[in-house]
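**Q** Positions 594 to 739 (this note's numbering) are the ones given, in order, by the sequence shown.
If you're looking for bench data, these hints aren't it; they were derived computationally from the structure. All of these numbers come straight from a predicted model, not from anything done at the bench.
Mimicking DSBU-like on lysine-lysine, the simulated pairs with C-alpha atoms at most 35 angstroms apart in a straight line are:
| id | residue 1 | residue 2 |
| --- | --- | --- |
| 1 | K707 | K635 |
| 2 | K707 | K645 |
| 3 | K723 | K707 |
| 4 | K723 | K635 |
| 5 | K723 | K645 |
| 6 | K645 | K635 |
Pair by pair, the computed Cβ-Cβ distance ranges are:
| id | residue 1 | residue 2 | range |
| --- | --- | --- | --- |
| 7 | M659 | A682 | 25 to 31 angstroms |
| 8 | L630 | A697 | 47 to 53 angstroms |
| 9 | K723 | A644 | 17 to 23 angstroms |
| 10 | N628 | L701 | 41 to 47 angstroms |
| 11 | L701 | L724 | 34 to 40 angstroms |
| 12 | K723 | A682 | 54 to 60 angstroms |
| 13 | V653 | A693 | 22 to 28 angstroms |
| 14 | K645 | A619 | 35 to 41 angstroms |
| 15 | G667 | K645 | 30 to 36 angstroms |
| 16 | A675 | R711 | 40 to 46 angstroms |
| 17 | A617 | K707 | 48 to 54 angstroms |
| 18 | A619 | A644 | 35 to 41 angstroms |
| 19 | G717 | A617 | 28 to 34 angstroms |
Every residue gets a Cβ at the ideal spot worked out from N, C-alpha and C, and that includes glycine.
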Amino acid sequence: MAEAEPGARAGAGPLPDDARAVLAAARDAAAAHVNALHALRKLFAAEVGLAKVALVQALVFLLLAMVMLATAYGLLTALLVAGLRSFGAPWPLAIAIPLALSIALAGLAAWRAKALLRHADFEGTRRQIKLGLRGLADEPGQDAAP
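All chains should be built: construct the whole structure from the sequences, respecting the hints.
**A** Encoded structure:
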């Protein structure tokens, strides 16, 4: 019986060390998840700021497009129709030229607004969330879908 007690003590010694190692690994895993959530929050905040700026700029360009379309149509139609009519052009041609110019300016402003709205799609956040969800599905121990 005297020999059993030292063996029991020798076996009991590493158990607290193993428990501490498991606890340290759990803390490290939790810290990694918290750091990932903080990084995702920072990415989301940065994209909200970018989207806010892009939306404001897009609205400014849309407003510019509407103002340009209205003023260009009114002024160019009046000036060009009068000028073309004085040179003997028919009414349809006199109206079509300023109309085409107004449409071209409006199209240019709308194209610029569309280009700015690409910054408001939260692409990085969606990509990181998709990668995170895919990573959770690929963890071992999860049953794969048939």
